[in-house]
Each structure stands twice: as structure tokens, then as C-alpha cells.
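For the sequence shown, the numbering used here gives the first residue as 274, with consecutive numbering after it.
In case anyone wonders, no lab produced these hints; they're calculated from the structure. Any given hint could be a false lead.
Stated by the list, open to error - EDC-like, lysine to aspartate or glutamate: derived pairs with alpha carbons at most 16 Å apart: (1) K870 / E853; (2) K865 / E629; (3) K679 / D844; (4) K700 / D730; (5) K333 / E316; (6) K333 / E343; (7) K852 / D662; (8) K283 / D456; (9) K333 / D307; (10) K283 / E316.
Small disclaimer: the values here were computed from a predicted structure and weren't measured.
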Amino acid sequence: MSDEILALLKVHEFFRGLGDEAVRDVLAVGRAADYPTGGSVHEPGEPVASVRFVLRGRLKAVRVDPHGRETLFRTFDRGEQLGLMIGVLNEQLPLRVYALEPTTVLEVAHEDAMDLTARHADLRRLWLRTYAGALRKHFFGVAAARGPTMLALVHEAPATRPLARQLVERLSGLGESLGVFSDAPGWQPAAGLRLRSLTAGDGTLDADEVRRQAAEWHDAARIVYDVGADLAQERMNLLLRIADRIVYLVPAAAGAAAVDRLRALDVATRGLREKVCVAWLLEPGRTVAPPAPGLSELAAWDVKVAAAAPVYPSGRALGAGLERLVHELRGVRIGVALGGGAARGMSHLGVLKALEDSGIVVDAIAGTSAGALTGAVYASGLDSAYSADRFTADLRPSWPFRRFPKGSYWHLLYQYRRGHFDPMLRKYLKDWTLEQLAVPCLAVTADLVSGRSVVRDRGDAVHAVLESINLPVLSAPIVRNGEALIDGGLVNNIPADVLVARGCNFVIAVSVTAKMERRFCDITPGGPLGRRRPSTLQTILRSLLVQNHSLNGIGVQPADAVIEPDVTGFDLSEFVRAKELAAVGERAALEKIPRVKQLLARLDPHLFPLAPPPAGGV
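The task is simple: from the sequences and hints, build the whole structure.
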């Protein structure tokens, strides 16, 4: 086996810290296999005759049914294995496994693997402990995804270098044992951080020396390569191949260059898109990333990091970019699903504020109807309390409507029919796209043509919100690109499943339709006939509420935690009470925060440590 395979083996989760004798015996019976992107590793009907340890790259496994239909089974990243336990059965598996990118696998025949565990007690304990760690989700309900072992930080400009150092220091502060290679001059590492300069005199450290040093750091949980984007092409290609995650750090002013750079590196055709995360450095005064058409084809995720503390009316969501990047690298993605519920959805602003106040950073938001309305405004970086103030003022009925019976309903109809929501939202969301917002945001709407839900994750943010809040009868369907779009609450009122599908491994669902008062206008169960008859508008909104209340249990099912503000005392049209509704949402969230923190501590106890019990407590 080559020195490169030995170095990769020593940092693999199933071999980390293993004695030299056991490592030699593994290499003696193992076979290193390289698979190109799309290369077949296992076909349906084949027995699992060997254990495959992923040394670098990624594998994807799909389950194939008797009719040839394929469904995702799971992916296998560096540090994982396929076949350790299932191989005992010696049965044919209905799985197709192939490489998502150039991948190196160490294959050990199953009989040889069993013999190794019999001869080496340390290997047996390590394999059992590591395998058991992969079962955490079955027992605890939540599990962090695997963080990248080989991390590349690639800088488009010197301005992002301090951000890399902050990131490394934060990871080190979480107890990670790091080894860092850097071509940055003058980096003075903090105590305990192992740093090796890639520049040696007038030249650069050669690949063999880098490999030797990385092998010497075999006890490091993560190896970081901190380099400029102008790295020599050959070395850049090697780095892209060996890295588990590539964080491309770009000043917002260099937006156009970012897309050009990634295209020049050919990340899409080389199957590297899923490994690339773009970290935008937002200069002081900038609250969103620059437009970057085509970026979604080149990078699977992006994060916006403010270079300076946010200034009101911007809120803490804008200033939490670095922590979102830490979440991503630790395999944590927290999503908040905001349900529809007309004016009652204003309580979402209070829930988001409570999460902020409790130190819980949200990585992604999905919203339906009022959830999309509040979610997009929050995702733009605006302070929650400021947003509640503005909704109260902007949606306050003018004096003629305040004089009418049921005037708030007529005012709502007027807002829809005259198209007033668009200019109201543009004051805050400008012409920004969803991709530019500080927090990734998705909006759910319903398409009358296909009869399905439509999830917007890109394009004009105001358009996405207008589609999601487009109540039938109050407004005609929005016809766009062959779709007739109406309020998303008709098909998916609490989009927790949308966040799970987008990679969130901890989802908080917020429902304002879980509780419903047993009163409609003057009508109560068993009561006398009221003098006031429900209007058409009241009936429409109540019908949607009844539907969403009935389906509430389905919507929250994928969530790990559910927050249900009791907003039954508020009329569905009372947007003018946005601040009161936000206060109700905040109180409901604060009651749930201790439980949320307990669950997050199971997900990553270092990232989400629980406060010690008070002295003298039980």
C-alpha cells in the first residue's frame, strides 16, 4: 500500500488511533480501489462479500425495488463503511451503490475482517464503538451529520483571511484537535493549535512533506488547508480531490469573480458541487450577498458572514453567519418551519426572537403563507421587534375601514385586490432574491395546474412571499411559468418536511393552527343563534383554519420540536396586533427552549452545552 493510503487510513474513524501492528495487518489483507464519479461499487442482487471503508470521496446508495424504481437509501462519506454488519448475513442486497465523486475505498473481505477483530482486541473495540456511534439517531432521535475530516478554506482575497482564523479558533474552542496547513504569512496560532506553513523559504512545501505531516497528525479530528485561490493549478486540483468540504471565502464585492472561479475549477462536471460551500464576507453596511446567477449549480450551500456587528434595524440573524458556518462544519443544520395562519402568523416573530435570545442560531427557514411572510423578512436580517412594529403600522386599516363593520376583513380584501402587498414588502426586501438573504429561506405555495406544492428556494423574494400568501377568492391565482399559484396552506401548511429534505437534521415546527377556539362569529356549540351572520371573507379564512387545524398533526410529524402559541384570542384579520401576537409567540417559545436545548445537546454536546445545575440542586 502507498504512503497516501496509509495516511488516509490513519485518519479514518474506524482506524483512528489504532496500533501499528493492527494497521499493518489491515493493509496486508485490504485492497485499495479507486472509483471515478458514477463508478459502480455494488449492484442490486450482489451479496456483500467485503467491508468497504471510504477513505476519501462519497458513495450514494439507492434501493431498487422489483420494478426497477430507485429510492435514496443513504450516502456514505469519508470515515464511514459499508458492509461491516450486513455482510454477516451473506445475502443479496437490493442496493445500487456508486461514487458521487472520485472516491477511494479500502475493501477488506468479510472473512478477513472477522479474523482481524479476533486477533486485535483494540480493533474490535474501536469498530464496535464507532459503529455504535452511528446508531445514535435510533436511540436519541437526533444525530449530527459527519463533519468533514479534510477541510479546505480557499480565499478569493486577503480580506477573508481573518475570518478563517476566527473559524479555526472557534472550532478549536469547541474541543476539536486540529492540524492546519496555511500559506498565509504571519499567522500566530493560539496555544494548542498545530500550524504548519505551506511556504518554506522561497518555495512551497512539497506534496510528500504535506502528506508526511498530515500522517504525523493522525490524532487530529480535522486537517485544515488554508490557501489562496491563486494556488498552483496542480495543487488546487489535488486539494479539491482530497478535501471533504471546500469552503470558498469571498468578499461580497467580488461576487462575479466567485462564480467565474468555480466554473474555471470545473466543480460541477467533476462532481464536487456537494462539497462546496461559499462563505460571503459582507462589508459593513451590506446586509445581503451580491447577485450570483448560476451559483446554485456550483455550490450546495452558502453562508453570509457580516464583517461588522449589525446596526439596527438589522438584527442578530445577520450577525450569526460565522456560527452558521461552524454548524455546517460540525454536521448540524437547524431549521425552523413556520406555518400559515393569517394574522396569527405574526406570532412567529416572537418565536424567532426567543430562539435568538436563547443563543439558538437558525440555519434555514421554511414558511407557508404567513410563515413565508414573517420568515422572509427575518431571513433578510431585520430585527424581529422592528418587523413586528412595521407590520403593525403597514397593515393598519385606514380610517374608513376602521369605521366599517368587519372593516379589517374589507381592508384585507382591499390590500389583495389593489396589489398593495408588493410595494409594502419591497420597502424591506427590495429586489433581492431568496439566495441573497442572510438566512436561507424557502417559501411554499400551491400550484392549481399540477395540484402539488411548489417550494421556492431561489428567485425574487417578494414574488415568493406573494405566491405563498395568495389567498383564494381574495385574490386571483398568480400565473407564472405555466403555474397557477395560490396560498401554500392548502397543501403544506407546516413545511417541516421541506427542511428535512434540504438536509436539516434538527427541525423546530411552529404551528399557530394547533389550537382553535370553538366559536365562529356569534356561533357557539349548543348556543342560541347569534345576531351576526358570518361574512364570506370570514367564512373563507375560517375554512382554511379548520383545514389546517385538522392536518396539523401531519405537518409537525417530521419535526424534532414543536412550538404552538395559543393565539385563539386573536382574529385572523388582526394584523394590527402584530406586536401582541409576537409577545404570545415569544412566551410560548421560551416555555419550550429548555427541551429544545436538551435535544440539541444530544445532537452536539460541545456545540450546545447544557448549563450545570445550580449549586445544591438535585
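Here is what the structure says about each hint:
1. K870 / E853: 26 Å, violated
2. K865 / E629: At roughly 13 Å apart (the allowed maximum being 16 Å), E629 and K865 satisfy the hint.
3. K679 / D844: 11 Å, holds
4. K700 / D730: Not satisfied, since the Cα-Cα distance of roughly 21 Å exceeds 16 Å.
5. K333 / E316: With Cα atoms ~12 Å apart, K333 and E316 stay inside 16 Å; holds.
6. K333 / E343: 12 Å, holds
7. K852 / D662: OK: K852 and D662 at ~6 Å, within 16 Å.
8. K283 / D456: Violated: K283 and D456 sit about 25 Å apart, past 16 Å.
9. K333 / D307: 15 Å, holds
10. K283 / E316: 29 Å, violated
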